[in-house]
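*Asks:* Chain by chain, the residues:
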Amino acid sequence: MERSHGRGVDPLSAGSNTVAVQATNDDATASKLSCVKKGYMKDEYVHLFVRRPVRRAPIINRGYYARWAALRKLLLQFLKTERKTSDENHSKKQILSLGAGFDTTYFQLLDEGMAPHLYVELDFKEVTSKKAAIIDHYIQLKEKVGPEAFISIEKGEVLSNNYKLLPADIRNIQVLDDVINRAQLDPSLPTFIIAECVLIYLDPDSTCAIVRWASMKFPNSVFFLYEQIHPHDAFGEQMIKNLESRGCPLLGIYATPTLPSKEKLFLDHGWQRAVAWDILRIYNDFINTEEKHRIERLEIFDEFEEWYLMLGHYCVACAINDAEGMFTNFGLFSDQHSQNQPQIADLNQISVYPPANTGLIIEH
Amino acid sequence: MSDLDRQIEQLKRCEPLKESEVKALCLKAMEILVEESNVQRVDAPVTVWNPSQLVKELVVDFLRTGSLLDMEAHLILIGIFFLPFSMAAIVVFKLYNVFDIICGDIHGQFYDMKELFKVGGDCPKTNYLFLGDFVDRGFYSVETFLLLLALKVRYPDRITLIRGNHESRQITQVYGFYDECLRKYGSVNVWRYCTDIFDYLSLSALIENKIFSVHGGLSPAITTLDQIRTIDRKQEVPHDGAMCDLLWSDPEDVDGWGLSPRGAVFLDRFGMLFAVFMNQKLHLTLKSSISRCGNVAAILELDENLNKQFRVFEAAPHVRSYNLFFSKFSSLSHIVNSLRPNLLQESRGVPSKKPAPDYFL
Chain A
5 MERSHGRGVD PLSAGSNTVA VQATNDDATA SKLSCVKKGY MKDEYVHLFV
55 RRPVRRAPII NRGYYARWAA LRKLLLQFLK TERKTSDENH SKKQILSLGA
105 GFDTTYFQLL DEGMAPHLYV ELDFKEVTSK KAAIIDHYIQ LKEKVGPEAF
155 ISIEKGEVLS NNYKLLPADI RNIQVLDDVI NRAQLDPSLP TFIIAECVLI
205 YLDPDSTCAI VRWASMKFPN SVFFLYEQIH PHDAFGEQMI KNLESRGCPL
255 LGIYATPTLP SKEKLFLDHG WQRAVAWDIL RIYNDFINTE EKHRIERLEI
305 FDEFEEWYLM LGHYCVACAI NDAEGMFTNF GLFSDQHSQN QPQIADLNQI
355 SVYPPANTGL IIEH
Chain B
7 MSDLDRQIEQ LKRCEPLKES EVKALCLKAM EILVEESNVQ RVDAPVTVWN
57 PSQLVKELVV DFLRTGSLLD MEAHLILIGI FFLPFSMAAI VVFKLYNVFD
107 IICGDIHGQF YDMKELFKVG GDCPKTNYLF LGDFVDRGFY SVETFLLLLA
157 LKVRYPDRIT LIRGNHESRQ ITQVYGFYDE CLRKYGSVNV WRYCTDIFDY
207 LSLSALIENK IFSVHGGLSP AITTLDQIRT IDRKQEVPHD GAMCDLLWSD
257 PEDVDGWGLS PRGAVFLDRF GMLFAVFMNQ KLHLTLKSSI SRCGNVAAIL
307 ELDENLNKQF RVFEAAPHVR SYNLFFSKFS SLSHIVNSLR PNLLQESRGV
357 PSKKPAPDYF L
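If you read the protein sequences in the order shown, they are chains A and B.
Reminder that position 113 of the first sequence reads as 117 in this note's numbering, one-by-one numbering, no gaps.
Reminder that position 55 of the second sequence reads as 61 in this note's numbering, one-by-one numbering, no gaps.
Hints are supplied without guarantee of correctness; some may be wrong.
[Claimed, not checked] Here are a few chain B residues that face chain A, going by a calculated C-beta distance under 10 Å:
1) Asn171
2) Ser174
3) Tyr191
4) Gly192
5) Pro363
6) Leu367
[As the list claims (entries may be wrong)] Some chain A residues judged to face chain B by a derived CB distance under 7 Å, without partners named:
7) Lys77
8) Cys201
9) Gly251
Since the hints were made in silico from the structure, they are not lab data.
Glycine included, C-beta positions come from ideal geometry on N, C-alpha and C.
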C-alpha cells in the first residue's frame, strides 16, 4: 500500500480517487436532506446545498438521524461545559471540523443561539470553493456569516469573525498548522474537533499523524470521530467491496477495525481518554428516548435485521484532553431514561410492529 | 392459446402487462381469492423422493401420526432457500413430502423467482405455496406479482398465495412498489388494482391439516384457528390486532410458545403441529438488500440420521464465495431469497441495473 508523507502528497492510495471521496459529501448531504424532509431533524439550510433531492430508505434516514443526534448531543454538552478559569476568555469555545463538506451545523447552532466563539471548517479546495459559492449566493447563509465576511470562491475561503471556511489537505500537517494560524484558532481554548466519516478514507499513517497533531495542539479538547468498523464479517466485506467500487475505499479501516482499536488510536497518540461505542449502542443508550419515539413514528420501518447490521458497523469514538479538568462529566453516558428500555441489540429480539401514524396516505 | 396463457408467457419474459390487462386480471383473481378462507386449506399430493429410506419412513410416520417425538432432529424445512447452484434444494423439499415447494419472500426479484421455478419445476407440475412479500425492494415487483397472480387464476389449485406485510398500501409507498408502478405505467392505477387485490389474499395456509403457515407469526389475540377464520381480512393491513400480528410478528425464543430445549419449535396450540424450522444458534435471513448484505444462499440438509447441516453454496468458480449470514428466522416467513443479483443476473443474461447500495458516508 502506498504511503503518503506530508508534503507533496500523492493522490489517495490505489483504488481511491479524490473526486469519489469528495462525492461522499454530496451523498451525505442528500441523505441529510432526505431526513430533514421527513421531519427527523430541523435544518433550514441543507437544502441549499443539494441540487437533486432524493428520498432515502427509512433505514438510511434513521441512521443519519442517529449520527446527527449523537454529534449534536455531544456538541451541546461541550458548549455548555463550563471552564474553571474566570478570565475574559472563559466562555470562549471553538469547533474545528475536518472534512466538513457541506455541513450546516454552524448555521443551525447560530439559529439556536449556541454558536461558539469560533467555528472553523476545512476541506479540499474543490469542496470549499463550492461551499463558498453557495454561501455567497444565498442570503440566508450570507447574512449568517456577517456583512464583514470575506468570501473568495476562487480560493474556497470564507473568513468572518466567528466562522472560517478554509481549503486544506488535512493529510499535510504543515498545512494544518498554517490553517490554524490563518483561522486564528487559539489552541489553549476548549476545542471540539469533528471528523465525521473523514479519516477512514485516509491511509492509516495520515490518520495517526492528524490525531497526534490534534492532541499536541489542543490541551483542552474533544475529538469526535464517526466512521466504520468490522470489515471482516460478511456485511463488512460487502460494504468494503461496495465502497471500493465507488472509488472511495475505506483505507483506514483495517488499521482500526474494532472499538478498542479506535480508542487505542487516540490513546497511543497522546490523548488522555478515549471511548468508542458502536452506533447501535449509541442509538439505544445515548440518544434521548423521547426523541427516538418521535422519529420512529415518522416512517413505516421494515428493515430491522439490516438496521442492526448497519449500525453495528459504525461507531463514535470520543477522545478527550482535559488539561484543566473541565471535562470530568463529559462524554458518552447512557441517557437517563435508557436504563428502562429493552436492549435491542440481539437479533433474537426483533419485534416488528408498524408504528401507528406513518403519515402515509391510504389511497382507495 | 388463451389470453391468460399468452399473458403468462409474456410475464415469464419479465414483460409487464398493459394497464387494462392488469385490471382484468385482478378482477378475475378477486373472484377466486374471495372464496378462499383466512386459513386456506392446502392438500398436497404425497410424493416422497429421497434416497434415504429412513428419512422417508420417518416423514411418512409423521404424516400419519402428526408426531415428531421420534425425530432426533426436529428440523423440517418449510422455507425455501434459494439455490441456483445445487439440486440439493429439491432433495430437501421433497424430503418433507407434504408440500412440494413453499416459498418465502420474493420481494420483486423476478429472475430469482424464475430460477426457483426452474429448480423446483413449473407450476402446475409442481405445487407451490408462496408466503407473501411479493413486492417491494426488488426491481420487478410488478412482473413478479402479476405472474404469480396469473398463475393463480390459471391454476388455482396448484398455487396458493398468502399475504405478507408488504402486501399493503402503506408499506409499498415506502419500499418501492408504488414508485415502480408509477415508473412503469406513468400512473398509480396498477398500484391501486394490486393493492386492492392484496386485501383479498388469504392470511394463512393449513397444509394437510397439520402445518399452519403464515407470513409473520402468531398473535396473543389468537388461540384458535377459528378466531383467524372470523377476521374480516378484506382491508388494508391494520396497525395492530390479530391480522396485523399474523403478518408482522416474529416468533421469539420464549418457552410459552412451545420451544423445545433442543432448538426445535413445535407449537402444539391447535391440537396439531405447527412446525417451523429454527435453530437457535443460527441466525438466518438477510432482508432483501442483497447488495449491501452480500449474498446468502443456504440450504438445510438432513442426512439419513436427520442430522442437520447448513450448507453455504459456493457459486461457480469464477464467482466469489460468500459467507452465510443469518438472523432471526420467523415462522416460514421473512425468509430471504438472497443472491448476488449483479453476478447472477449477469450470468442469466440479465444486465444488472441495480445502483450501488446506500451507506452512511
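*Asks:* Quick check: which numbered hints come out false for this structure?
*Replies:* 3, 4, 7 and 9
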